[in-house]
Each structure stands twice: as structure tokens, then as C-alpha cells.
Amino acid sequence: MCEGFEGFMRLIKLVRDERVRGASWCGEKVVEAFLVLANKCVDLGKYMPIAVREALASNPTMASIYNVTYIASKLSDDREALINAMRRLKDYFRSAKELVAKNAVGIISGNVMTISYSSTVLTVLTKVKDGLGKVYVMVSKPGGEGVVMVKRLRGLGINAVPIHDTLVAKYVTHVDNVVMGADAIGKDGCVINKVGSYTLALLANQAGVDTYVATEIIKYHPERTCHNIEILSREFTVEGYGEVKEPVFEEVPTSLIKALITDYGITSPMYEDLLEMYRNFIKDYLTS
Numbered sequence: 001m002c003e004g005f006e007g008f009m010r011l012i013k014l015v016r017d018e019r020v021r022g023a024s025w026c027g028e029k030v031v032e033a034f035l036v037l038a039n040k041c042v043d044l045g046k047y048m049p050i051a052v053r054e055a056l057a058s059n060p061t062m063a064s065i066y067n068v069t070y071i072a073s074k075l076s077d078d079r080e081a082l083i084n085a086m087r088r089l090k091d092y093f094r095s096a097k098e099l100v101a102k103n104a105v106g107i108i109s110g111n112v113m114t115i116s117y118s119s120t121v122l123t124v125l126t127k128v129k130d131g132l133g134k135v136y137v138m139v140s141k142p143g144g145e146g147v148v149m150v151k152r153l154r155g156l157g158i159n160a161v162p163i164h165d166t167l168v169a170k171y172v173t174h175v176d177n178v179v180m181g182a183d184a185i186g187k188d189g190c191v192i193n194k195v196g197s198y199t200l201a202l203l204a205n206q207a208g209v210d211t212y213v214a215t216e217i218i219k220y221h222p223e224r225t226c227h228n229i230e231i232l233s234r235e236f237t238v239e240g241y242g243e244v245k246e247p248v249f250e251e252v253p254t255s256l257i258k259a260l261i262t263d264y265g266i267t268s269p270m271y272e273d274l275l276e277m278y279r280n281f282i283k284d285y286l287t288s
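No gaps in the numbering here: position 211 of the sequence shown is 211 in the working numbering, and each next residue is one more.
It is worth saying that the hints were derived from the structure and are not from the lab.
Here the structure is a predicted model, which means the values were calculated and not measured.
Every residue, glycine too, gets a C-beta built ideally from N, C-alpha and C.
Certain hints may be false.
Quick list of the computed label-pair ranges, beta carbon to beta carbon [stated by the list, open to error]:
| hint | residue 1 | residue 2 | range |
| --- | --- | --- | --- |
| 1 | 95 | 244 | 37 to 45 Å |
| 2 | 240 | 268 | 41 to 49 Å |
| 3 | 239 | 271 | 36 to 44 Å |
| 4 | 10 | 43 | 17 to 25 Å |
| 5 | 154 | 19 | 18 to 26 Å |
The calculated lysine-lysine pairs, modelled on DSSO-like cross-linking and capped at a C-alpha distance of 27 Å, are [unchecked claim]:
| hint | residue 1 | residue 2 |
| --- | --- | --- |
| 6 | 141 | 129 |
| 7 | 245 | 13 |
| 8 | 74 | 90 |
Build the full structure now, drawing on both the sequences and the hints.
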């Protein structure tokens, strides 16, 4: 008997259908789903393997989902510990972005360029807004999530300017730094983010502009490099043509990343440093 499984699947469907919000939001929804399951499912042991499989399939690119699911699966035999860990992870998703933003102070300033919509980047730019000039936001096709970012930034009094993705080369020479979010960090330190991120980081590098990645450490994948992380594709309408299916994420190699600004500190995209941060994170949520 599992009264909570239907509620679990409703939340997982929200993750599967989401088109704007990223890995932080999706990870938190998966936490909420496991909380519903743990609180209401009598036969938890029977349904956990199914729940784990459904959660991982909801968006295989996002490492936050992998890590929430990993922690849940490790605690599946102890309902009380599972509920406690999920409650703490829910608090984590709310507080970690603020720690990332705090660590970004003194690094992100002046004219800035970003891409798409990232709640973590939004929190960073809000924190440092007194030191900002213009914030150029790539509209981020397909999907156009950058428009949401511009509206949120302007609502906070930040001078945000939307730019077409094809005009990055024109505007990147006018900025002091680039900051982007992450949907996953490969175990080798590479970053998976919205398609267009590689072009942005590459052109910034050619212009002598540093690229920073603002991300919570829960987005680190301890087992897979970016080449081995499944990249999600979605269908989009091309005006005058019809439906096409395209990848919505891509890899940004370590050579184009100045540093990762995380809730556990600032680090270069090095395997050893990231693994140590990740192990500390897992220890915090599996042993406390």
C-alpha cells in the first residue's frame, strides 16, 4: 500500500515538464516528492526502487536530481532518517544560493553577461547589484528563458539588457566578467548548462573576459564526466518550418572556466577540489 505514490508522481511530472526553471528548482521538487512518499507510503521499501527510477528519469541531465535521489536511496530503510534528510535538503536549496552569492562578492562586478535563467545567478546578481553596471542577458534560444531573467533583474532595479544569442561577440567585449549557472558539473570539473553557454564562454575567453560558474555543490556528479552525462533534448517550433528536436544543454570545458563559485567555497574546476567539497556535502546529509 502506498498512498503517497500518486502525490510523488505529480511532483515528478512537474519536474519532467518544466521548461524555464533549472536544477535548483527541480532538485527541490524531487526533495518534496520523496517527503510525500516517506510520510504517506506504508510499504516504502517496495515503492522506493520505482520512485528512484522515476526521479532519475525526470531529467537525466540535472545532477541535483541524481544527488537527492542518491541520498534518498541510501536512507530508504530508515523512514525517520529519510524524512529528516529530505527536510534538511529542502532547507539547503533555500540557503545554498545565498552562500554562493556571499562568496561571489568581490568577484562579480561591473558590466556582466549571463545566459538563460538561473535562480542561483539571479541571487548572485541581487547580492552584488550595487557594484553592477549593465547586465547583458542572452535570450537563450530555444526556449527564450533569458527574457524571464531580464524581467526578474529589472524588477530588482538592475539594468538588464536582453541580447540575441547571435550578438554575443559584439557585446562580450563590453563586459568585465561572465557568470552562468550549471545544471550539472561533471566529475572532471566541466559544466553542463543551457545550450549557448559554450559559445559564450569561448568568445569571452577570446576577448580576455573571465567566465565564472555560480553553482551549488549538489549539482556535482561524482561518477560521470560531462561526456557521459545524458543530454536532454526537447521539441521546439521553428517559425516557417515546423517542429524540430534539439538538445537544450551542452558542455563548457574546464579550460574556459576561471572558477566555480559554490556554497562550499570558490574553486578552480579541478577534480580533487570538487570531490572534497562534494564528499563534505554528502557527509553532512547522510550522517547528521
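Hint check:
no.	hint	result
1	95 x 244: 37 to 45 Å	holds, 40 Å
2	240 x 268: 41 to 49 Å	holds, 45 Å
3	239 x 271: 36 to 44 Å	holds, 43 Å
4	10 x 43: 17 to 25 Å	holds, 19 Å
5	154 x 19: 18 to 26 Å	holds, 21 Å
6	141 x 129	holds, 26 Å
7	245 x 13	holds, 20 Å
8	74 x 90	holds, 17 Å
No hint from the list above goes unmet by this structure.
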